[in-house]
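2 protein chains.
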Amino acid sequence: MDKDTREKLIEAATPLFAWKGFAGASIRELAKAADVNSALISYHFGGKEGLYAAVLHTHLTHLLSALEQVSRSTADPEERIRLFIKTVSDIHKEKPFLLRLLQGELINPSVYFEKVLVTSFKKLITFLPATVAEGKDLGKFAPDIHPLYASVALVSMVNFYFIIRPLAEQIFPQDLNRDEEYIKQVARIYLKGVKEE
Amino acid sequence: MDKDTREKLIEAATPLFAWKGFAGASIRELAKAADVNSALISYHFGGKEGLYAAVLHTHLTHLLSALEQVSRSTADPEERIRLFIKTVSDIHKEKPFLLRLLQGELINPSVYFEKVLVTSFKKLITFLPATVAEGKDLGKFAPDIHPLYASVALVSMVNFYFIIRPLAEQIFPQDLNRDEEYIKQVARIYLKGVKEE
DNA sequence: GTCTATATTGCGATAGAC
DNA sequence: GTCTATCGCAATATAGAC
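Chains as they are written, first to last, in this note's numbering: chain A, 29 to 225; chain B, 29 to 225.
Hint data in this document are derived by calculation from the structure and do not stem from the laboratory. Please note: incorrect hints may appear among the correct ones.
Each pair may be met inside one copy or between any two copies, as identical chains are not told apart.
Derived SDA-like pairs: lysine to any residue, alpha-carbon spacing no greater than 25 Å straight-line [as the list claims (entries may be wrong)]: (1) K143 x E225; (2) K151 x P201; (3) K164 x F125; (4) K164 x E208; (5) K151 x I192; (6) K60 x D207; (7) K76 x K223; (8) K36 x I199; (9) K150 x E208; (10) K31 x N187; (11) K121 x H85; (12) K143 x L166; (13) K143 x L44; (14) K168 x A215; (15) K151 x R193; (16) K151 x P194; (17) K36 x L219; (18) K212 x T154; (19) K223 x V183; (20) K150 x R34; (21) K151 x F200; (22) K143 x T89; (23) K150 x R206; (24) K60 x T154; (25) K143 x A161.
These numbers were taken from a predicted model, which means no experiment stands behind them.
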C-alpha cells in the first residue's frame, strides 16, 4: 500500500530541513525529494511553514513520549538518571534528525519555538532537577550539587555529543565510532561526580 | 574616526548570520544593518559567501588563539581542565555569536567547514584528550576513564549550556541567570567524576 | 487530490556613472 | 570606493483544468 502524500512529504522533508534549515530548503526540492508536485505542499500544509511545523511535530512527539515514560519511572535517583541517559541516546540513534531540527529552532526560532517547544519541554523536563534534588534529600548526592545546573550539565553531555559527532569524526576518524562507550563514560563520570563520598 | 566599510559589514553581519543562518540572511538586510550600499558586499567580499567567511574567520580567530594559550599551559591536568572550562565560558560570554555561527556550520556545513574549521580544531583540541591521559598516567584520574570520550563530555558541558540557555531561560525564568554557578558545577562534577578515589 | 501554468515577490550579482 | 539601476533567476503561492 502506498504512503499518502502527506506522509511522503513529511518523510522526505525531514532530512532536508534538518540539514539545510528552514530557509535553506526550497519547496521545489522538498517536493522533488518526496516525488510529489510542489503545489501539493500548499494544498496539504498551507505552505512551506506548515510542512515544517508538521515535520517538527512528528519528531518531537517521539521525544516527548519517551521523556514522559522516564519521568514516570519509580526507580531511585541514580537509576532514573541512567534511564534518562539511555533513553535520550537511543532517541538520537533512532531519529538522527531530531536534534538537528531542534538545533535549527534554537538558532532561528520559528513561531513553533514559543508555541510548542517551550511549553512541551516545560511540562516534561522538570522531573530531572526533581530527581537530582531527591538524590540530595536521600543523602546519595552531595549537598553542594545544584539540581538545576547539574541537570543542565547532564542534558549537555547526553545531547551535545550527537551534535558534534560529524565534526568529531573528521578530527578523530577512527576513534569515535562507539556510541555505547561514550554513554557509559557519561554515566560513569556524572554519577560519580554528583555522588556524596 | 569612522570604521571602514569592511569592518562595518562584518560587525553588522555577525548577529544576522548567527540568528538566521547563511541562507536566512539576505544581502539587502545585511547591507542595511551595516548602513552600507548592498553592492559593496560584492565589491569588498566578492559576494555574500565571502562576507560569511570573513565573519566566521573573525570570530574563530579569537577562539583558536584562546585555546592555543590553554594548550600551552604547564599546569597539572586538573588545573589545565579548570583553565579550559574558564576560557571557553569566557569566550562565549564575550562573543555570544560564535557558538551560534559554529552551530550553523554544523547543521549546514559550508566550504569553510572542511577547509578551515576541521583543520583548525584538529590542531588545537588534541591537547584535551592528552591532558586527560596525563591525569591517568599520574594516577590522579581513574583508569577506566577514556581520554577521548571524557574530553567530549567536558566539551559538551562547557558549550551546550550556552546553546540551550535561550530555551532554558524560558523554561526556568528566574533560576538560570548565574553563568558562574553553572561553571562551578561543571568543574565540580567533572573533576570529581574522573578522579581516582 | 493532483496537475500545469503562471503571478508575484525577493534574491544575489553587476554594469556603469560619479 | 560608493552609488543607482537593473538583469536574470529562483523563491513561494495560487488559479484553474482535470
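Tested hints:
1. In this assembly of identical chains, K143 and E225 lie within 25 Å of each other by CA distance neither inside one copy nor across copies; the values are 43 Å within and 47 Å between.
2. Within a single copy, K151 and P201 get their C-alpha atoms only as close as 39 Å, which misses the 25 Å cut-off; across copies the closest is 14 Å, which meets it.
3. In this assembly of identical chains, the alpha carbons of K164 and F125 never lie at most 25 Å apart, being 35 Å within a copy and 36 Å across copies at closest.
4. Only between protomers do K164 and E208 lie at most 25 Å apart by alpha-carbon distance; the minimum there is 21 Å, versus 28 Å within a single protomer.
5. In the homo-oligomer, the alpha carbons of K151 and I192 lie at most 25 Å apart only across protomers (17 Å), although the nearest pairing inside one protomer, at 27 Å, exceeds that limit.
6. Taking CA atoms no more than 25 Å apart as the test, K60 paired with D207 passes in neither setting, with 34 Å inside one copy and 46 Å between copies.
7. For the identical chains of this complex, K76 and K223 are neighbours neither inside a copy (48 Å) nor across copies (51 Å), given an alpha-carbon limit of 25 Å.
8. Taking identical chains as interchangeable, the C-alpha atoms of K36 and I199 are never at most 25 Å apart, the minima being 36 Å within one chain and 34 Å between chains.
9. With identical chains, the CA atoms of K150 and E208 are at most 25 Å apart between copies only, with a shortest distance of 24 Å across copies and 29 Å within one.
10. Taking the shortest Cα distances, K31 and N187 never come within 25 Å of each other, neither inside one copy (32 Å) nor across copies (41 Å).
11. Proximity of K121 to H85 under the C-alpha cut-off of 25 Å is restricted to the intra-copy arrangement: shortest distance 18 Å within a copy versus 32 Å between copies.
12. For the homomeric pair K143 and L166, neither the shortest alpha-carbon distance inside one copy (37 Å) nor that between copies (52 Å) is at most 25 Å.
13. Taking the closest pair of Cα atoms, K143 and L44 come within 25 Å of each other both inside a single copy (23 Å) and across two copies (23 Å).
14. For the homomeric pair K168 and A215, the shortest alpha-carbon distances inside one copy (15 Å) and between copies (19 Å) are both at most 25 Å.
15. Taking the shortest alpha-carbon separations for K151 and R193, only the inter-copy value of 17 Å comes in at or below 25 Å, while the best intra-copy value is 29 Å.
16. Only between protomers do K151 and P194 lie at most 25 Å apart by alpha-carbon distance; the minimum there is 17 Å, versus 31 Å within a single protomer.
17. For a Cα distance limit of 25 Å, the shortest separation of K36 from L219 qualifies neither inside one copy, at 43 Å, nor across copies, at 48 Å.
18. For the identical chains of this complex, K212 and T154 are neighbours both inside a copy (24 Å) and across copies (22 Å), given an alpha-carbon limit of 25 Å.
19. For the identical chains of this complex, K223 and V183 are neighbours both inside a copy (17 Å) and across copies (21 Å), given an alpha-carbon limit of 25 Å.
20. Within a single copy, K150 and R34 get their C-alpha atoms no closer than 29 Å, and across copies no closer than 43 Å, so neither meets the 25 Å cut-off.
21. For the identical chains of this complex, K151 and F200 are inter-copy neighbours only, at 11 Å across copies versus 38 Å inside a copy, given an alpha-carbon limit of 25 Å.
22. Taking CA atoms no more than 25 Å apart as the test, K143 paired with T89 passes inside one copy only; the shortest distance there is 15 Å, against 37 Å between copies.
23. In the homo-oligomer, the alpha carbons of K150 and R206 lie at most 25 Å apart only across protomers (20 Å), although the nearest pairing inside one protomer, at 32 Å, exceeds that limit.
24. Proximity of K60 to T154 under the C-alpha cut-off of 25 Å is found in neither arrangement, the shortest distances being 41 Å within a copy and 42 Å between copies.
25. Taking CA atoms no more than 25 Å apart as the test, K143 paired with A161 passes in neither setting, with 29 Å inside one copy and 46 Å between copies.
In terms of the numbered hints stated before, the structure departs from hints 1, 3, 6, 7, 8, 10, 12, 17, 20, 24, 25, listed from lowest to highest.
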